[in-house]
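Model the full assembly from the supplied sequences, consistent with the hints where possible.
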Amino acid sequence: MKPVAFDYYRPQTLSEALELLADKGDEAVILAGGMTLGPMLNLRIVRPRAVIDISRIEALQTISVTGSVVVTGAGLTQSEALSSEIIAREVPLLAMALPWVGHFQTRNRGTLGGSVAHADPSAEIPLALVACGGTVVLQSRWGQRRIGARQFFVGALVTQRRPDEMIMALEWPRSAPDAGHAFSEIAQRHGDFAIAAAACTVRLAKPDRVEQLVVGIGGVEDRPVAIDVSSFLGQAPGEMAAKLSEYAAASVSPMDDRSASAAYRTALTKVLVERAVNSALSIARLQRGRLQ
Amino acid sequence: MPDGIETISKRWIGAAVGRKEDEALLTGQARFIDDLYPIPGLCFAAILRSPHAHVRIRRIDVERAHQLPGVRQVITGKDVLELIGPLPSVVKAPLPYYPIAIDKARYVGEPIAVVVADTRYNAEDACELIDTEYEVLPPVTDLRSATERDAPVIHEAVGSNVISRRSFSYGNPEGAFAAADRVFEFSYSLPRYASTPIETFGVIAQFERAPDRYTVWSNFQGPFVVQPLMANALRVPGHRLRLITPPSSGGSFGIKQAVLSYIVLLAAVSRKAGVPIKWIEDRAEHLTAASASSDRLGTVAAAFTKDGELTGLRFRNTANMGAYVRPPEPASLYRMHAASNGCYRVKNISIDNELVVTNSTPVGLNRGYGGPQFYFALERIMEIAARGLDIDPAELRRRNFVPTGAFPYKAPAGAVFDAGDYEAALSELLRIAGYEELKERRAAARRAGRAFGIGLAAGVEPSGSNMAYVSLEQTPQERRRADRKSGANASAVVAVDPSGQVTVRLCSCPNGQGHATVAAQIVADTLGLHPDDIHVVTEMDTLTSPWSIASGNYSNRFAAIVVEAVAKCAEQVAQKIRLLAAAALDATADEIELHEGYARVRGQSNRGLPFRKAASRAHWDPAGLPDAIGPGLHECAIISPPVLDPPDDEDRIASAVTFGFVIDLAAVEIDRNTGAIRIDKYASVHDVGTQLNPKIVEGQVHGGFAHGLGAALFEELAYDDQGNFLTGTFADYLCPTAVEVPQIEIGHVETPSPANALGAKGMGDGSSMLTPAAITNAVADALGRDDISLPLNLQRVWAFANGHDATTKSRPAISSIRPAGRAVGEMLTGSGKITLFAPVQEVWRRLLDPSELAASIPGCSSLTQDEIDRYSARVTIGIGAIRGTYHAQIELRDKNEGSSLRLLGKAIGPLGFGSGSGLVTLQPETGDRTRLEYSYEAEVGGKLAAVGQRMLGSVMRYLIGQFFRSLERRMRPAARLDWRSWWLRFRRHGSGGEA
Amino acid sequence: MLLCDFLRHELHAFAVHVGCEHGVCGACTILIEGRAVRSCTQYAAQADGADIVTAEGLAPPGTLNEVQRAFMKHHALQCGFCTPGILCSVAHFLRQTPEPDERRVREMLSGHICRCTGYTSIVTAILEAAAMMRKGS
Ligand code: FES
Ligand code: FES
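Chains as they are written, first to last, in this note's numbering: chain A, 23 to 314; chain B, 131 to 1125; chain C, 2 to 138.
Hint data in this document are derived by calculation from the structure and do not stem from the laboratory.
C-beta atoms are modelled at their ideal positions from N, C-alpha and C, and glycine is treated no differently.
Keep in mind that the hints are not guaranteed to be accurate.
[Unchecked claim] Restraint-style ranges between C-beta atoms, simulated for each label pair:
id : chain 1 : residue 1 : chain 2 : residue 2 : range
1  : B       : Glu-525   : A       : Arg-111   : 54 to 64 Å
2  : B       : Thr-965   : A       : Glu-233   : 34 to 44 Å
3  : A       : Gly-260   : B       : Thr-965   : 36 to 46 Å
4  : B       : Thr-965   : A       : Ser-253   : 41 to 51 Å
5  : B       : Leu-1049  : A       : Ser-253   : 34 to 44 Å
Structure follows, in structure tokens:
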């Protein structure tokens, strides 16, 4: 199980990398942590002429807070993100999703950008980004494009990234201090890709009024999706989790394949949304109490 | 007392001695097969394997591969045919098994050609340059359909996929069933799985002209009964196939027995290529094509009196051998045969066995070998009967146990159970599990609407196999014509060198079980030394080790038989030392004791000499030795346990030397909403006779349990109904990790075995045989249904818990519990609709226009018309980073002018192959538009199927959607394309899968 | 060339074991700049200039570190094929999490497949080693 022969490039700077990418186009693949690409290379499922290793471009490994968003460089490793105080404070949903991503050893190397670029429908980081309403910053030699995460993911392994572009950064809207977040997931084993996952963010204007609400679902459709929950805004949170979970289950069009039937995915959607909404609500209540 | 000799006061056997093996393993000094470069000039091999389940090989062209720099040789089955014959087995049907495909390939992963190159990297590159042409034949993938009349035949010369049938009857089963108050029957299927070791197979093969000999280094584990078979296949006498095992081996659990066919193959390839070669199997090869447990279909019936006395058992077994019978198969079906009564005293048993071949990897040894399958039948029916009779399952078992005073107990089919106290073990189990409390908690949980269940499983654990048991496959008449087989030789060497240091040599091929430590404990006790003073060599070398056909590591034979050889051999050395010391000390040998590193006159601590000194005399002063002893100190002992006769004419056989006992209890709670199983409690009580090293015993129990748990919950080597292999990586074949394996309670009952001097019974399979049954019993109890099949993964349990149709068909994994309405169980299916901005006639015309077709097929770089409505195309498909160029054939059929047509496609490329068909219908819509609806079914084989199951459906849907989307785009009148709007429209209308 | 192949066959660091070559089993785990990572999903060229420790280097030659000793004591290895990778993970993990509980140990371990031990003894060994190291420092 050895990869095909390829040319290996290790640009030190972003512009070098973009230059290479412009030159090689779709004959090149971008290698960051290699947690997904590595296995696919070894299995010879991915057979590039060139591999562009961006893991040493320091500009891609930053975390910063800019106005209303937290910007994470595409090369930031999952374990760095997991131990980042900024992320814990400003993007709690991501912080909650990260422990579900792979294992200690793979998080040490796997990157946020790599996971987003690969666009596995079950992956946690893309789900968190979609749920947050985050943005993918794409850069090519010709310029920059910023695409909302909800548009970025097109299908399983398919995104709007063009071959000459690379993901440079991800923008995560900062969480409101009184928001409650939750992430729930069902996987066959610990660290496996989710069969289904749900992410929820909620804010209460008053104890009985939902002001902000996001429900994201991963692993169920061929890309992570945010459910349209506008009809629940302004309502009282009382019975919301149960109703919302029914609603979410009815609004997804689940994949149906050997790894899980559509019926099972729908059933999990219901369970997970209910769990996520309930725990996000109770955190939101706590936060409100704390801030008052 | 002189310096340097530690005070030794305890008896080492039975102590939790730390392992001799550990330090080297912990510091990376241990050497495994791939760490060895035993000879210079090694080349590296890679194997091209069949991507198809069943093909006739039309042509293999190795020319391009040969041209690649670094490639030494490319060798096909036809090339080695002059050097090898088939590997023989006891099944007499004509289905020759070669280690490489000759004219047909019969399972995905069967070797087609071997490339020898200067690096593995180059060898793999070259594999991709071998041009093959196959005639794809219909496959047989399912045990049920394999035996149907019109099933494709895998081995033409046999004429059927049923390669043998045998029936057995012990006592009077008909009478028992006729007289029974109650009869319970249960049909089941069990999937195939494998206790995959973390180290894969490895072979280093060298052929020398002078001396004319094959030398092979391999992490083979035995049984060495197959060494003569390998030599036979290589057409050389035994001594010309020298087999050497490395110092360390990374687990096996039976699986590494199957490396035997690669030993033959690579030996022959080395000879052909004229260079020594190393081949290390990779994980994908291992999962696809190494070996597996035998999947089974079975029915078991049990006759009971109304008081719960088990009076009769009837087993019907259909066992999958895979595509060939690889020796020592069909042993998996016969290992438990002689103990078909389990741990019960039932006398009347009938057994019908049927061996079947399918287009799948040949099966072989796997932890518990035959036990998990057997106990799934017996222990499930016990639980079902308990419920039917309204007797507590623990109590029902207790009433039927072989009674404590009845040992040695002769079982109806011939096994002799050496020692046991099953009732005591049951009581211990119920105590450590807190059975009464568990039952209360179950009642409480049920009152609260929760699904809580308890399951038991009990059984004997045969150890130290009689080499003759597999000949039960033959009738008594056939056996009489064949050469007699029996027994189970074990051997060991204990030598003391001129400096007085003790070395033990074993032929037991350990793969992590601590044989060196236990052998040192035994020898240390016998010679009055410290285990640290005993050096143990576990590498085997068939030219220098005192091996025999039963040598190797399988069937728990180490503690059952090998230890006896070690003890005997050590005693021979001890006796010699006593004689030497007696001469030196002016005493008689009887007066000498070996203790604390000294040979001393008993009771006189000042009359002694150091062990080393006594021993060295045998080397340094042969002229001065007493008459009774010869020079040197190199003792070998070979033993065979007395009970292991050949099968008698009634098909009874003492199949093993010792019969340990294992009884397990599982309590589970199931989340009906998700299918998640929480193991609330797992307890296991073992009787392994005398525990030689409690730490090692404990380790084996934990490990065996983890294997059983994996088999129960996660593990399945899955095929689809076209014989495509679906679980080719560790992300598809799921082994339990530390999070999934719970803490368990372990208890022991010790009834020493009379079969050897130490009282030990073999052990190690243990819970791997019973855990699948115990957990299934608990899940069945929790859910109140018995039609439960393995593995009990989330989706499956969820389906069982929610009353979905759950047939016991185990393969394919998921299709049996798909929602109703799915006609094509195994295919990737989908459908969609799209509105085209053109009238129907225009759409129709474009659909039939090759240039339009070429422009709409994603990634199509060329399209040529072969004949009317038939095209060939080159298509580059890229999904994310996964891209490949495929040769595709497209055909239009069933044309219904202006309203519908069928598109058939086939594609083959480096990542695999696929085929599909789609129905396209057109309907006029207002405004000169056309509504196009499509539905398709497709299937994918080869590498993508083996590693990409989780994603294939979505990717297929995307690609097919892309075709219609670009068709739509090309028909749009608008000059400027609004990419997003058509995409959004597609998402709204095009729904893949079924609604 | 895969980094694990380079370490093994060029540098003869045979403690680096290879069990899957697709990043799942953990046998090839090594420390790069002190962090436990797979060496089968990286290429040798990527490690150019990096500080690498394999299980050979976890303790001075001829000695065992606290974790290795605890593994020996608790019979936390059988065939030992998975062990060097686990030891590397544990080295990083305990530096980062000196006071782990059983759950965290099991989660960390879930990045390794051990087919022999059933994990229980490994968990016990790691917890004990952590306690000993806390006492020692
Ligand atoms: S060999 Fe690297 S994770 Fe398995
Ligand atoms: S000790 Fe053998 S795999 Fe872990």
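Going through the hints against the structure:
Distance hint check: the CB atoms of Glu-525 (chain B) and Arg-111 (chain A) are about 60 Å apart, consistent with the given range 54 to 64 Å. For the hinted restraint 34 to 44 Å between Thr-965 (chain B) and Glu-233 (chain A), the CB-CB distance of approximately 40 Å keeps it satisfied. For the pair Gly-260 (chain A) and Thr-965 (chain B), the beta carbons lie near 43 Å from each other, so the given range of 36 to 46 Å is met. Checked against the given bound of 41 to 51 Å, the beta carbons of Thr-965 (chain B) and Ser-253 (chain A), roughly 29 Å apart, lie outside it.
For Leu-1049 (chain B) and Ser-253 (chain A), the hinted distance range of 34 to 44 Å is satisfied, since their beta carbons lie about 38 Å from each other.
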